[in-house]
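S.K.: Spelled out from the first residue to the last, the chains are:
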Amino acid sequence: MREAALAQALEKDLPESVGPVFFRKIGPRYLLTNDAGSHLWLEQDPFLSFLRGELEKETPLWNDLAAGGFLGNYMNFEVLGGRWRQRTKYLQEGAGLHLVALTRRNSQGSPYAARPAAGLDDHQFDMTLALARRLAKFIFDSPSSEITLELRGGDPLLNWDVLTFLARHASSFAGSVKRKLRIAAVSPLASLTDEQAAFLAEFKIAVAVPFDGPRDLHDSLRPDLEGGSGWERTLAGVARLRKAGVEPEGFFTVTRGALGRAPDVIAAYRDAGFDAIRVRAPWPAGDARSRWKEIGVGAAAYSEFYRELLDGVLALEAQGIPFREKGAASLLGKILLGTDCGAVEHRLLYGGGLGELAYDYNGDVYPSDEARALASADGDALFRMGSTDLGFANLVGHPTVRALAVASDLGGQPTCSRCAYKPYCGVSPVYNRAAQGSLQGRNPTNDRCGSYLGTFDALFERLRDEKTKTVFERWARAEEYRQGEPLPPFLSGGLL
Amino acid sequence: MNCSTDIKQRRVTFEIDKAIDEEAVLAAAHAFAGRAEVWTTDGGVELEAQEGSGLDAAGLESLAEEFNEELVAQELRRRIAASNRSVREYLITQALLAAANEQGQHATDPQLGNLTGDQEDEIARLIREAEQELSGGDLPGKGAAAVTGEGGEGQDEPLDPKEILKAWEEKSGA
Ligand code: SF4
Chain A
1 MREAALAQAL EKDLPESVGP VFFRKIGPRY LLTNDAGSHL WLEQDPFLSF
51 LRGELEKETP LWNDLAAGGF LGNYMNFEVL GGRWRQRTKY LQEGAGLHLV
101 ALTRRNSQGS PYAARPAAGL DDHQFDMTLA LARRLAKFIF DSPSSEITLE
151 LRGGDPLLNW DVLTFLARHA SSFAGSVKRK LRIAAVSPLA SLTDEQAAFL
201 AEFKIAVAVP FDGPRDLHDS LRPDLEGGSG WERTLAGVAR LRKAGVEPEG
251 FFTVTRGALG RAPDVIAAYR DAGFDAIRVR APWPAGDARS RWKEIGVGAA
301 AYSEFYRELL DGVLALEAQG IPFREKGAAS LLGKILLGTD CGAVEHRLLY
351 GGGLGELAYD YNGDVYPSDE ARALASADGD ALFRMGSTDL GFANLVGHPT
401 VRALAVASDL GGQPTCSRCA YKPYCGVSPV YNRAAQGSLQ GRNPTNDRCG
451 SYLGTFDALF ERLRDEKTKT VFERWARAEE YRQGEPLPPF LSGGLL
Chain B
1 MNCSTDIKQR RVTFEIDKAI DEEAVLAAAH AFAGRAEVWT TDGGVELEAQ
51 EGSGLDAAGL ESLAEEFNEE LVAQELRRRI AASNRSVREY LITQALLAAA
101 NEQGQHATDP QLGNLTGDQE DEIARLIREA EQELSGGDLP GKGAAAVTGE
151 GGEGQDEPLD PKEILKAWEE KSGA
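These protein sequences, in sequence, are chains A and B. Mind the numbering: the first sequence is residues 1 to 496 in our numbering, read in order. Mind the numbering: the second sequence is residues 1 to 174 in our numbering, read in order.
Worth flagging that the hints you see were computed from the coordinates, not collected in a lab. Among the hints, a few may not be true.
[Unchecked claim] Restricting the straight-line Cα-Cα distance to at most 20 Å, the calculated cross-link-like pairs of lysine to aspartate or glutamate (EDC-like) are: (1) A:89 - A:480; (2) B:18 - B:65; (3) A:25 - A:43; (4) A:178 - A:219; (5) A:12 - B:69; (6) A:12 - B:89; (7) A:469 - A:311; (8) A:25 - B:89; (9) A:25 - B:65; (10) B:18 - A:13; (11) B:8 - B:61; (12) A:469 - A:480; (13) A:180 - A:216; (14) A:12 - B:23; (15) A:57 - A:43; (16) A:12 - A:54; (17) A:469 - A:317; (18) A:12 - B:48; (19) A:178 - A:485; (20) A:137 - A:389; (21) A:25 - A:304; (22) B:18 - B:70; (23) A:243 - A:308; (24) B:8 - B:69; (25) A:469 - A:308; (26) B:18 - B:42; (27) A:180 - A:202; (28) B:8 - B:56; (29) A:180 - A:93; (30) A:12 - B:21; (31) B:18 - A:146; (32) A:89 - B:89; (33) A:25 - B:66; (34) A:25 - B:48; (35) A:25 - A:64; (36) A:12 - B:42.
[As the list claims (entries may be wrong)] A short list of chain A residues far from chain B (calculated; beta carbon distances all over 12 Å): (37) 46; (38) 54; (39) 78; (40) 83.
The C-beta atom is built at its ideal place from N, Cα and C for all residues, glycine as well.
Let the hints inform the model, and build the full structure from the sequences given.
M.R.: Rendered as structure tokens:
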């Protein structure tokens, strides 16, 4: 019987030496982790000896277990507590990430396009200057000393006057109240002009672009609403932006058409001049929900694609061609560097409201951008909290924020509370609402959880190889979020 | 593995190790959501594979073996969590106390002079509140060891002598 070996550990009470450990069987061996973020691989026999308290003291394995904080009777609370604190610094900080949707208009379609769709000349779906003025002031009411302002849409570039106003005024507010500010924008860049590119460069605005790699994939998912090729226009925008000195990053959403095509996706990214990709799983929301059979991807298919892509990227690295998967790099920072990667969706408690606030074009405030996007794609305004008139304290203390925190607590989620990936993972009640109709969700049938299990499995398996580990360490350092800096942009989960 | 199968009903029944607590059965059943319905029987479980799974006798036996493996893993996880609850609480409390001290020093930083104390208090209060509201799992403040209050002569007495705060699984498993 397969379980016979481990079942021997049930014959008597656990010895004191078994500390607070999470474990997961991957292939023939066991991965051990703990809240301090340590991890260690054990073969089956040593794992059983560990569970039975039969490990010989002072052996290399015993020393590794002790150093990682896995031995209950040899724990250095000061060191382990310090590591836990380092990883969860965000619990002491306020909402520093502010995502503002400047318009619903967009020249490219999207699986999550707003409903009702806004025509390209439909300025009623633009944020007004008066509202932008209030917002520029409001975000500095945040107690956080570091502010990240991320501009989204639709295509935020289509509401250019408001974009430039916000960038200028937020910069000057930041200067006068001595806060660190980082500005970013997510845009298909389809209509980018040289003047706009120069402005983005001048204000050091980081830019991310949803890019689906191969032309047919991009054009089928994000068709150009003016009849051209969205793929061509996006690449023209990327080139224009680079000419101005801004290097954008590319977002890739895995959809059914991409399955089996990981090498094509990597090639398309390289041809477009990118040296990195950020891979995301799709959400069953908006248009993607109604077309799920055509474009949706479940956890198993996502994980398989992800492994193929990761291996393709690592093969490039082996040839001396630097290329990285940025989502992996963020998670690897948590695994290898023991730091918080700055992603509000990978926290002990969901970061919506606690680490992030999102504002719609009309001034509606949501705890997170994915909550705002869900309202605009699905018309599900459950998470809308009101307007900035409520004041900062009332928004971050809103019952919605508390409900999200309670629903997402990893210690309260039945599977997460004992999952080996709990030290590095997080739950999104907004995704749960979209996919499963409840804030708590149900992880065993939840594709987001399944996709993370697949992603972590792929990363940890590959970490066993020393050469890959060196590459992964380099990736983690390249994406490292340093405390005291504004949160990195583009890490807020959601629908792009 | 000793089990009986009913291919037509997609069911497999088997006895489980007496050392496995009911909580572990629940956790394993939760992990199998979407694959099989799990029913407890006297001293065992019955799995009903999902409709359309098309499992033959060998497939059902393999499902039972997998479930049994999950049971063992969940029971170990339960025991590890239970025996280390106070250690984890201590660790996290220490970390939070150290962080609170750090924050106290932070507040005197002139760089941050424009932050209002009320806002900082509000965030801290919310985090505390959220943590208190968390009722499942094993965060600090949860569990029998933490449910204590002031007793006579400075001794801690259980606040819940009749165990009305205990979940039914805990009671029936005891
Ligand atoms: S969401 Fe899934 S992978 Fe992440 S901690 Fe929870 S159970 Fe583990």
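S.K.: Determine for every hint whether it applies to the structure shown.
M.R.: To see whether the hints hold, each was checked on the structure:
For the hint linking residue 89 of chain A to residue 480 of chain A, the alpha-carbon distance of about 14 Å falls within 20 Å, and the restraint holds. A threshold of 20 Å between alpha carbons decides the hint, and for residue 18 of chain B with residue 65 of chain B the separation of about 16 Å falls inside it, so the pair holds. Note on residue 25 of chain A and residue 43 of chain A: the hinted pairing holds, with a Cα-Cα distance of about 10 Å set against a maximum of 20 Å. Restraint check: the Cα-Cα separation between residue 178 of chain A and residue 219 of chain A comes to about 44 Å, which exceeds 20 Å; the hinted pair is violated.
Of the supplied pair hints, the one linking residue 12 of chain A and residue 69 of chain B holds, its CA atoms being roughly 18 Å apart against a limit of 20 Å. Between the alpha carbons of residue 12 of chain A and residue 89 of chain B the distance comes to roughly 25 Å, so the proposed pair goes past 20 Å and is violated. Proximity of residue 469 of chain A to residue 311 of chain A is assessed by CA-CA distance (about 13 Å); at most 20 Å being required, the pair is judged to hold. With a C-alpha separation of about 26 Å, the suggested pairing of residue 25 of chain A with residue 89 of chain B is violated against the 20 Å cut-off.
The suggested pairing of residue 25 of chain A with residue 65 of chain B holds, with an alpha-carbon distance near 15 Å, which does not exceed 20 Å. In summary, the hint linking residue 18 of chain B to residue 13 of chain A is supported, as the alpha carbons are separated by about 14 Å, within the 20 Å threshold. Restraint check for residue 8 of chain B and residue 61 of chain B: the C-alpha separation of about 14 Å stays at or below 20 Å, so the hint holds. Restraint check: the Cα-Cα separation between residue 469 of chain A and residue 480 of chain A comes to about 16 Å, which is no more than 20 Å; the hinted pair holds.
For the proposed pair residue 180 of chain A and residue 216 of chain A, the alpha carbon gap of about 41 Å is over 20 Å, so the pair is violated. A hinted pair counts as satisfied when its Cα atoms are at most 20 Å apart, and residue 12 of chain A with residue 23 of chain B qualifies at roughly 18 Å. Proximity of residue 57 of chain A to residue 43 of chain A is assessed by CA-CA distance (about 18 Å); at most 20 Å being required, the pair is judged to hold. Distance check on the hinted pair: residue 12 of chain A and residue 54 of chain A sit about 12 Å apart at the alpha-carbon level, within 20 Å; holds.
Between the alpha carbons of residue 469 of chain A and residue 317 of chain A the distance comes to roughly 12 Å, so the proposed pair stays at or under 20 Å and holds. Restraint check for residue 12 of chain A and residue 48 of chain B: the C-alpha separation of about 31 Å exceeds 20 Å, so the hint is violated. About 13 Å separates the Cα atoms of residue 178 of chain A and residue 485 of chain A, which keeps this hinted pair within 20 Å; it holds. Of the pairs offered as hints, the one joining residue 137 of chain A and residue 389 of chain A holds, with about 12 Å between alpha carbons and a cut-off of 20 Å not exceeded.
With a C-alpha separation of about 18 Å, the suggested pair residue 25 of chain A and residue 304 of chain A falls inside the 20 Å cut-off, and the hint holds. With a C-alpha separation of about 15 Å, the suggested pair residue 18 of chain B and residue 70 of chain B falls inside the 20 Å cut-off, and the hint holds. Between residue 243 of chain A and residue 308 of chain A, the direct Cα distance comes to roughly 32 Å. Violation of the 20 Å bound is thereby established for this hinted pair. The hinted pair formed by residue 8 of chain B and residue 69 of chain B fails the criterion: a straight-line CA distance of about 25 Å is larger than 20 Å.
Straight-line distance between C-alpha atoms of residue 469 of chain A and residue 308 of chain A comes to about 18 Å, which keeps the hinted pair within the 20 Å bound. Only pairs whose Cα atoms come within 20 Å are accepted, and residue 18 of chain B paired with residue 42 of chain B is accepted, the gap being roughly 11 Å. Using a Cα cut-off of 20 Å, the hinted pair residue 180 of chain A and residue 202 of chain A holds, with the two alpha carbons roughly 17 Å apart. For the hint pairing residue 8 of chain B with residue 56 of chain B, the CA-to-CA distance comes to about 9 Å; that is within 20 Å, so the pair holds.
Simply put, residue 180 of chain A and residue 93 of chain A have alpha-carbon atoms about 14 Å apart, close enough for the 20 Å limit, and the pair holds. Straight-line distance between C-alpha atoms of residue 12 of chain A and residue 21 of chain B comes to about 14 Å, which keeps the hinted pair within the 20 Å bound. Of the pairs offered as hints, the one joining residue 18 of chain B and residue 146 of chain A is violated, with about 55 Å between alpha carbons and a cut-off of 20 Å exceeded. Between residue 89 of chain A and residue 89 of chain B the alpha-carbon distance is near 18 Å, which keeps this suggested pair within the 20 Å criterion.
In summary, the hint linking residue 25 of chain A to residue 66 of chain B is supported, as the alpha carbons are separated by about 13 Å, within the 20 Å threshold. Our distance criterion of 20 Å between C-alpha atoms is broken by residue 25 of chain A and residue 48 of chain B, whose separation comes to about 25 Å. For a cut-off of 20 Å, the pair hint linking residue 25 of chain A to residue 64 of chain A stands: about 19 Å separates their Cα positions. Of the supplied pair hints, the one linking residue 12 of chain A and residue 42 of chain B is violated, its CA atoms being roughly 23 Å apart against a limit of 20 Å.
The claim that residue 46 of chain A is not at the interface with chain B holds, since no C-beta of that chain comes within 12 Å of its own (minimum 15 Å). Separation of residue 54 of chain A from chain B is adequate, the least Cβ-Cβ distance of about 15 Å exceeding the 12 Å criterion. The non-interface label for residue 78 of chain A is inconsistent with chain B: the shortest C-beta to C-beta separation is roughly 8 Å, within 12 Å. Not every Cβ of chain B is farther than 12 Å from the Cβ of residue 83 of chain A; the closest lies at roughly 9 Å, contradicting the non-interface assignment.
This entry does not satisfy hints 4, 6, 8, 13, 18, 23, 24, 31, 34, 36, 39 and 40, going by the numbered hints stated previously.
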